[in-house]
Amino acid sequence: MSKGRNLGEFEMLALAALVRLGRDAYGVTVRSEIETRAKRTVSIGALYATLTRLEEKGLIASRLGEATAQRGGRAKRHFEITALGRRTLERSVAALGAVLGGAFVADRPAGGPGRRNS
Amino acid sequence: MNRLPRGVRLVLAHTVPRELGEFVLGDLTEEFHARCSRSRAGARRWLWRQVLASAPRFLWQRFAAGRGRALATLLVVTAAGYGAMHLWDVYVARELARSVAAQNAGAPLVAIRVLYICLQGVAFAIAGAALAHATFRRDQSFVRNAALRLAPIAAAQFIPPFAASLTSADGYPMLFLIPWLLISAAALAGGAYVIDHGRRGGPDRNGPNR
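Chains as they are written, first to last, in the working numbering: chain R, 71 to 188; chain A, 24 to 233.
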């Protein structure tokens, strides 16, 4: 995989959120999804910078959504993961899992998974 | 009323890239009003934290978007301008001035200076067109574009070397300074106007001055 296809941590979180949200993914729901599941604060600036970058890489696509009164009459921008984005995310998750999984197995005490010898 | 506080709108208007403005403001408005139903003070704190954390990033995005093209154009225009000035000075103006001065003829010398000013006018018109093409925003009026983008660039790139050449020993007398400045400014603005007008597609499609 070329260097340009490597994903950063926040890019992986954003792509994973898009996979979970499906067609309902737009700024508010993506931010909320990441905050809820990753338990971290996400600024809207960081989110849009990442989504813009992912779209430039061809990993996600966006379309104009409907305008609602709650948004002051402003339109939504819906995001969707592309096939390339899905493959890239799967590869990154697999690579991360392989490295982290191995590390945790090596550190795991002999008494069994998740248990400590005292 | 579904509007964000005035201060927030002001900060966002000057930081968020235009292509994202509608979506960012819409998202913040939606979430701010959802939070207001629980606690208005808490919602305001959340909103300001979001704005202050995001503003530097948006500002950088906004700056980076047009930076490359504008800088490249500036470099090309400046290099071409200096190259043309140098060639004219070395191969045309000095030789002509020398030969005319040797014959003690005042009128031809004035004609050469006028010709020089006209050629500089043409060069400035081309520079104005190139700068307008690279840096002007279609959603703003020509006057606003010229004031915000053309004037500072022109002042920084063109005025100092030309002013220095005018005040040098073999430069032009003060009599030529004012017409030179007027012609240069008019040519720069004229070149920019032609490009700006053409890109808008005519007088009835002029964008509002937002």
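It should be emphasised that the hints constitute simulated quantities derived from the structure, not laboratory data. Be aware that a few hints might be false.
[Unchecked claim] Beyond 12 Å from chain R on every Cβ pair, some chain A residues (computed):
#1 LEU33
#2 ALA178
#3 PRO202
[As the list claims (entries may be wrong)] Facing chain R, from chain A, some residues (calculated, C-beta under 7 Å):
#4 ARG26
#5 LEU43
#6 ASP50
#7 ARG85
#8 TYR105
#9 HIS109
#10 ASP112
Every residue, glycine too, gets a C-beta built ideally from N, C-alpha and C.
>> For each hint given before, does the structure comply? Return the numbers of the non-compliant ones in rising order.
In response: 7, 8, 9 and 10
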